[in-house]
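Visitor: With chain A fixed as given, assemble chain B onto it according to the hints.
Those protein sequences? They're chains A and B, same order as listed. First residue of the first sequence: 0, per the working numbering; consecutive thereafter. First residue of the second sequence: 0, per the working numbering; consecutive thereafter.
Take the hints with a grain of salt, since some may be wrong.
One copy or any two copies: either way a pair holds, since identical chains are not told apart in the list.
In silico lysine to any residue, SDA-like type, Cα no more than 25 angstroms apart, as pairs [claimed, not checked]: (1) Lys147 to Arg180; (2) Lys124 to Lys188; (3) Lys147 to Asn181; (4) Lys147 to Glu195; (5) Lys147 to Lys188; (6) Lys147 to Gly179; (7) Lys188 to Ala144; (8) Lys114 to Asp50; (9) Lys192 to Leu143; (10) Lys192 to Glu182; (11) Lys192 to Gly142; (12) Lys124 to Glu146; (13) Lys188 to Asp140.
Since the hints were derived computationally from the structure, they do not count as laboratory data.
2 protein chains.
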Amino acid sequence: MVRQRTGDKDRQIVDAAISLFLAKGVRSTTIQDISKKAGVAVGTVYLYHKDKAAIVRRVAFAFAERHESFVEEVLSTRRKPQRKLLDYMLGFYDMWQPFSENSIGALELAEAVIKYAPETLEIAKDRFLSAIESILFEAKDTGLAIEKPSADAQWIALSTTAFFPLAGTPSEHPFRKSLGRNELEGLLKWILKRLEG
Amino acid sequence: MVRQRTGDKDRQIVDAAISLFLAKGVRSTTIQDISKKAGVAVGTVYLYHKDKAAIVRRVAFAFAERHESFVEEVLSTRRKPQRKLLDYMLGFYDMWQPFSENSIGALELAEAVIKYAPETLEIAKDRFLSAIESILFEAKDTGLAIEKPSADAQWIALSTTAFFPLAGTPSEHPFRKSLGRNELEGLLKWILKRLEG
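In isolation and in its complexed conformation, chain A is listed as follows (with noise of 0.2 angstroms):
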């Protein structure tokens, strides 16, 4: 029971973090700030966490965890594989989507996770290639035209790396303009086209 409780408590305390880190930045985000929207006293926070600094990791890798626990569902189901790859990787431009505004507080964010947690970017983006790259194995079993999974999956990565931003991005680049959910669909139905032969 008191294990229940515990981790609901972490998540409440994570869930808090994240909304005010994204909603008004990390800087202005005081630890009691986040033990009053958690609705856990400011000490119970401390008990999780030494500093703001460890809740910037822990918030890192409750996004890693997420993104693990959406591959898991991904690759799991009985869908076509061209179906799971269109399925992933609109689900991960989903989560990534805070990140690719440029509001304060997703670039603070983005700033925190660099400078406290930067193995969980290492985690993401190993994590991408590695989902792409099991999906593109089942794919290649099931006749595309696919010879290498592994490198089929980094060019696939890197021609969809513009829909995957950090915050910060300019929004004025000319040929970024409306790079929407509906391209990144386009782009990967063109991909899978091409792989169909």
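Guide: Frame of chain A; chain B shown alone:
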């Protein structure tokens, strides 16, 4: 004869302005600096351009002219369309390079172009797309798996967007660390292989 000398002076002023803008920024560059570097009198610079904004516009249109000459050069060769696509896009990458650096000069010049000559960004985008489209029309004639050259051109442009950032893009981007010329070449070859079927 006078016309010839006039063209020379214009080019000297444009070349001096580009190199100064990129090296020290638009803001710190004075008309005096430009006249000195171009080897012409200050009055001559004012004869051609009423202020720095006008020089920025002239520089932006000079880039558009260079782009146009380059497109025509590539399209007029007797190379295979696949080769033309590589030559054109890698050449465009090289032309775009000064702007992908996070230097003050590149950042300020990009901002000044957005402010004083925004139409040149649209010109660049349209020409980029129509150049790829022309090459794909040729490619279609040689039997490549291209249905609608204009649609295919758009997807190819979109899939390579990340290689043509404006200045100021944060270099810490996890998926963008090593977006070099080699990666662009690899991606284009991968796409071409898919189009060859």
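Visitor: Which hints from the list above does the structure break, by number from lowest to highest?
Guide: none
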